[in-house]
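In order, the protein sequences belong to chains A and B.
Heads up: the first sequence begins at 1 in this note's numbering, then just goes up one per residue.
Heads up: the second sequence begins at 1 in this note's numbering, then just goes up one per residue.
Just so you know, the hints here were simulated from the structure itself, not pulled from any lab data.
Treat each hint with caution, since some may be false.
Reference excerpt, derived from the structure (chain A facing chain B, CB under 7 Å, subset only) [to be verified]: (1) D13; (2) A16; (3) R101; (4) K179; (5) A215; (6) P267; (7) L271.
Beta carbons are placed, not taken as given, at the ideal position from N, Cα and C, and that holds for glycine.
2 protein chains.
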Amino acid sequence: MGAYDDLLGYDRDTQALAQVAGRLAWDQETVMPRGAAAQRAEETGAMEAVLHARRTDPRVGDWLTAAKAPDAAGDAQLREIRRAHDRARKVPADLATALARLTSRAQGIWAEARAADDFAGFAPTLGEVVRLRREEAAALAEGGDLYDALLDDYEPGATAAELAAIFDEMRPGLVALRKRALEAPAPEPVRGTFPAGAQLDLARDLAARFGYDTARGRLDIAVHPFSSGSGDDVRITTRTATDDPFNCIYSTIHETGHATYEQGVDPAFRLTALGRGASMGVHESQSRICENQLGRSRAFCHWLYAELRARFGDIGVADEEAFYAAVNRVHRGYIRTEADEVQYNLHIMLRFDLERALIAGDLEVGDLEAAWNDRFEADFGYPVDRPANGVLQDVHWSVGLFGYFPTYALGNVYAGCLYRALRREVPDLDDHLLRGDPEPATVWLRKNVHRFGARDLPRDLITRACGEEPSAGPLLTYLEEKFGALYPG
Amino acid sequence: MGAYDDLLGYDRDTQALAQVAGRLAWDQETVMPRGAAAQRAEETGAMEAVLHARRTDPRVGDWLTAAKAPDAAGDAQLREIRRAHDRARKVPADLATALARLTSRAQGIWAEARAADDFAGFAPTLGEVVRLRREEAAALAEGGDLYDALLDDYEPGATAAELAAIFDEMRPGLVALRKRALEAPAPEPVRGTFPAGAQLDLARDLAARFGYDTARGRLDIAVHPFSSGSGDDVRITTRTATDDPFNCIYSTIHETGHATYEQGVDPAFRLTALGRGASMGVHESQSRICENQLGRSRAFCHWLYAELRARFGDIGVADEEAFYAAVNRVHRGYIRTEADEVQYNLHIMLRFDLERALIAGDLEVGDLEAAWNDRFEADFGYPVDRPANGVLQDVHWSVGLFGYFPTYALGNVYAGCLYRALRREVPDLDDHLLRGDPEPATVWLRKNVHRFGARDLPRDLITRACGEEPSAGPLLTYLEEKFGALYPG
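Using the sequences provided together with the hints, build the complete structure.
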């Protein structure tokens, strides 16, 4: 065997072990006994050490130097294996260990600070996280931009400048749309009794409709819904609130979008570096197009309205139009994860700008809360009432996730682009959505996005699927048309 | 740090990874999507390769040579780490791989042969398994007895000759007891409706009564009940049959016996080579004493009879005496896993003698079916009707488990010895069992068995707990008293 085959054989075991680590994380969030947390931390640490040792193994470097890829997919394999190898090698072991320890501890400190509404209690720890992540970014960037080095983990090839240009184009339009919607009379909400078991039945039905293969996955309950795993074992989770069916419905469709992406990757890539989604941004585009452009469409809401009444009886809205308005209600709120389509991206842009400034050293952690509050009021039109509803609301920074937030909004931008192309290429899509059948869309996504796995860089993948470079235009047009009609002002 | 600390630090990660591998096996038997089997085989294989590489790491040998243990527990740590290291090193990698591949394949061939009642269809594969296991035994034994080398994996320090002496002492008494019981009128069975959900509620209650800490474990459904994990994450499974509550009840108590053993190990041993049960035999003694000596006792049946009637209404037996007789019914049957206390050990002795002959080369696989049938009829008094009820009934040999079967009967022998000591030291035990409370027994077991983990060799552990060397006498006396009263002849 040549170096290429040796490398791929070695990497296959690494990928398999990464799947095991992922399964362990699934277990922790769904079924792990609560008393097992401390022991589990050691087990997870041991798995991470194994993966790190494999990724930094000097033989991988030697194989990468000597390997000749047999084809374009082979080139992509080498690119992705090299990415993981370089990343793991560049960060000094001491720093990686210090970061792992700190972020594990910081998450608890953040949770306490949030419960106590006390940003000052978290600030010193966050300062330390920022300091170590900047140190790590410097090791990764090798003289380049620190933030871009972090971003590259989640969105290979993207730069902050490119994202900023997209976001800056969107922001005024979103602020204006937000303003108009919040000045209009609020749509009536859904009211009724939605037993948890019946919601889960509906969730399973929805997952199947959106293309989820339950023979290669399963649906469970988790506090924070997520999707996990690749290939033939891709699991999703959801949650239920008995007074609000939308939480379960749209969490499920969202996670199904992630999961069908993983399930739709070419089986030839299974347990290789290409056997997963291309990036966090592309992943989010798949969850968001299912949840929003398809799941919250007027056509799908026609079917969903009848389905909810059939399953739950009266749901407290006058008619289908009122239901569609309730599904797409734009509402005041501080929390990103509860935000509607219009305001969600404003939440992200706020975080993106603040975390770039933190990593660049242009903003001190001590000034972060004030910066958050100023920006929130400017974009949302009302002040933050308390830190738990503001700077302390997200876990991300406490666990060191800098460079991750923008992929959420980028996913929405990609979803906008893909949706325009999908509408063009599947002109009768609404006829299917009216019957609760998004299959033509999921088939199109599988053909144009899913099957390629991580073969292409995200931007190239989206460009080929859409027939044009990704830009803010399609998403903005979609939002202005949809919410312009809902809130004619 | 010295070599001892280096070694223990390294071994801690190995133990943590072994727990991860165990969790993966739990996942496979309880929640894994059915379409994930092929991918899972690769994931499991990658984990096994990691564990094998760690156990054979030359540094472990160097550390073992240089290490000075600080105390007696440290000596035991070195003994157990050395056992795993030696075992892994002695078996050539090619042979280990060939065995793993063969037994993975053989399990499927066995299942097909069993379904088709076709021993000839399985015999060539079984012959190959025996051949490779003999080769492995030769590598492990280094000139010693082949069977003892295999047995040592499951029951450190035990020899086939020693077990044979114990079993040969028991066999005539068991055959006589079996004969007398089967000639007597059969007790009436339990009859009623036992919904699965209500059985699971009872199962959770029983597990708690027998000392299971659900904060450090969980109960799920599996086709073949098992217990898995060590330390703070010890999970049990059970199953339900709606016409037979005993399946769920005694599976649950049995697995709880295993699980409380793991949960009761001294926390100082967690994630070390001593942080688990001492052997398969000692493990089985803990499950069996809970299931049989305690769970099927007259006193506990007093409570259980009332409890079942309270939970399920009429259960079709006349009174408490009839219930106790039903619980302890000795019945004709071919299947080991369905056997009663009297006949179970006869099943094991049959397998023990046949597998010793196979490994010694005194019996050919081609003659195995006839040998099985002859021995069965001699000990049980009626002929085997078909291979699925005879030589094809157990999965063990197909997956290469030779030397494992006798630990089941040895567990019963140990349970007999422990029960005699327990009765002596907790004279008012029945007062508690009458109220459905086995706590004095589980406390005694924790104090005398559980907490020591794998610190002592099994024989030494049982001897200290019982105040005498293990022997067949106590079990035989217990069975003769109990079943002599139930079947006075």
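Among the hints numbered above, which are violated by the structure, and what are their numbers in rising order? 3, 4, 6
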